[in-house]
Amino acid sequence: MTALRVVAAIVVALILQSVVARLVGNGQVPVDLVLVSVVSTALLYGRVAGLLGGSLAGLAQDALSGGVLGIGGLANSVVGFFTGMIGTQFIVTQAVPRFLLYTGATAVHAGIYIGLSVLLGLRRFDRAFVEVTIQALANGVVGVLVFEIIDALPGTRQRWRARRERRRKIRFH
Numbered sequence: 007m008t009a010l011r012v013v014a015a016i017v018v019a020l021i022l023q024s025v026v027a028r029l030v031g032n033g034q035v036p037v038d039l040v041l042v043s044v045v046s047t048a049l050l051y052g053r054v055a056g057l058l059g060g061s062l063a064g065l066a067q068d069a070l071s072g073g074v075l076g077i078g079g080l081a082n083s084v085v086g087f088f089t090g091m092i093g094t095q096f097i098v099t100q101a102v103p104r105f106l107l108y109t110g111a112t113a114v115h116a117g118i119y120i121g122l123s124v125l126l127g128l129r130r131f132d133r134a135f136v137e138v139t140i141q142a143l144a145n146g147v148v149g150v151l152v153f154e155i156i157d158a159l160p161g162t163r164q165r166w167r168a169r170r171e172r173r174r175k176i177r178f179h
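For the sequence shown, the working numbering gives the first residue as 7, with consecutive numbering after it.
Any given hint could be a false lead.
As the list claims (entries may be wrong) - Across the chosen pairs, the derived CB separations fall in these ranges:
id	residue 1	residue 2	range
1	168	73	16 to 22 Å
2	22	73	28 to 34 Å
3	137	158	18 to 24 Å
4	167	69	35 to 41 Å
5	162	117	31 to 37 Å
The set of hints was computed from the structure by calculation and includes no laboratory data.
Think of the CB as a built atom: it goes at the ideal place given N, C-alpha and C, for glycine as much as any other residue.
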């Protein structure tokens with residue numbers, strides 16, 4: 007059931023990202039909904055789901071964008087894994103820690119993606135710092151809103167606490 011939810015979240019994020027990109031005239035959208043879904047998946051389901059969801063999302067984005075296959079997959083995988091690890095080690099239930107996690111994940115993702123693209127000579131980034139900062143802030147806001155919506159759904163907090171307790175019991179035994 008978890009795998010189905012992860013795949014559904016990524017597919018919805020890919021569709022929404024492409025629809026929003028078409029609605030904006032130049033195709034440049036300051037929010038990466040796919041990255042937000044990867045980070046959300048990692049926070050909800052842990053590091054393995056974050057890793058696998060990040061791999062799937064990144065490879066799908068690479069395939070749809072027509073770029074080099076694998077750079078986005080690697081960046082999303084790393085971010086998904088480490089976000090899931092942070093989510094299980096620290097309490098990330100308030101808006102500010104979630105915002106900081108989303109912005110940090112965006113910065114790490116951009117660092118990996120831009121670094122590999124420049125290293126391989128695929129693309130130049132002229133205003134990378136400004137674009138990454140804007141995207142990190144936008145992803146942080148959208149990520150916090152996503153979790154506010156999830157938390158507002160009935161029974162979500164109880165399932166979240168039960169899942170966290172199961173992870174702690176497994177980790178300490």
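Status of the hints after comparison with the structure:
{"no.": "1", "hint": "168 x 73: 16 to 22 Å", "result": "violated, 41 Å"}
{"no.": "2", "hint": "22 x 73: 28 to 34 Å", "result": "violated, 20 Å"}
{"no.": "3", "hint": "137 x 158: 18 to 24 Å", "result": "violated, 32 Å"}
{"no.": "4", "hint": "167 x 69: 35 to 41 Å", "result": "holds, 37 Å"}
{"no.": "5", "hint": "162 x 117: 31 to 37 Å", "result": "holds, 32 Å"}
In this structure, the hints that do not hold are numbers 1, 2 and 3, in rising order.
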